[in-house]
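Chemist: Sequence:
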Amino acid sequence: MIVMELRVHRSPIRVRNKPFEEKRRAEEAKLWQTEDERYRAVRTLKFLIIFLVVCDIFHGADDYAEVNNITTPIPAPASRQKVCPIRK
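Counting from 1, one number per residue, gives the positions in the sequence shown under the working numbering.
In short, the hints are calculated from the structure, not lab data. Here the structure is a predicted model, which means the values were calculated and not measured. Every residue, glycine too, gets a C-beta built ideally from N, C-alpha and C. It cannot be assumed that every hint is accurate.
[What the hints assert, rightly or not] Ranges of calculated distance between the beta carbons of each label pair, as one might list FRET restraints: (1) 30 / 52: 31 to 37 angstroms; (2) 35 / 56: 46 to 52 angstroms; (3) 53 / 31: 40 to 46 angstroms; (4) 50 / 26: 33 to 39 angstroms.
[Said to hold, decoys possible] Heads up, simulated SDA-like pairs for lysine to any residue below, C-alpha to C-alpha not over 20 angstroms straight-line: (5) 30 / 46; (6) 46 / 34; (7) 46 / 57.
Can you make the complete structure from the sequences, with help from the hints?
Modeler: Here it is, written out as structure tokens:
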């Protein structure tokens, strides 16, 4: 006796409902728009973090130089130098 297997492929019935299709497409467009905005926000955040890290590195280098007395004093202009009247 031969037993045959019957498989029924049930696919969802597609009803072409124009308002539903338009609504679905509008939702997909909103989804893409939010993904673009999210991508922009992440890119901006990455830039901001890198910028702050670089600024912190340079600021830290200045602090390191000040703590270890590596900075060289910049002489004031001649017009601003205080002249002691007794030593003239």
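Chemist: Confirm or reject each hint.
Modeler: Here is what the structure says about each hint:
no., hint, in the structure
1, 30 / 52: 31 to 37 angstroms, "holds (32 angstroms)"
2, 35 / 56: 46 to 52 angstroms, "violated (31 angstroms)"
3, 53 / 31: 40 to 46 angstroms, "violated (33 angstroms)"
4, 50 / 26: 33 to 39 angstroms, "holds (37 angstroms)"
5, 30 / 46, "violated (24 angstroms)"
6, 46 / 34, "holds (18 angstroms)"
7, 46 / 57, "holds (17 angstroms)"
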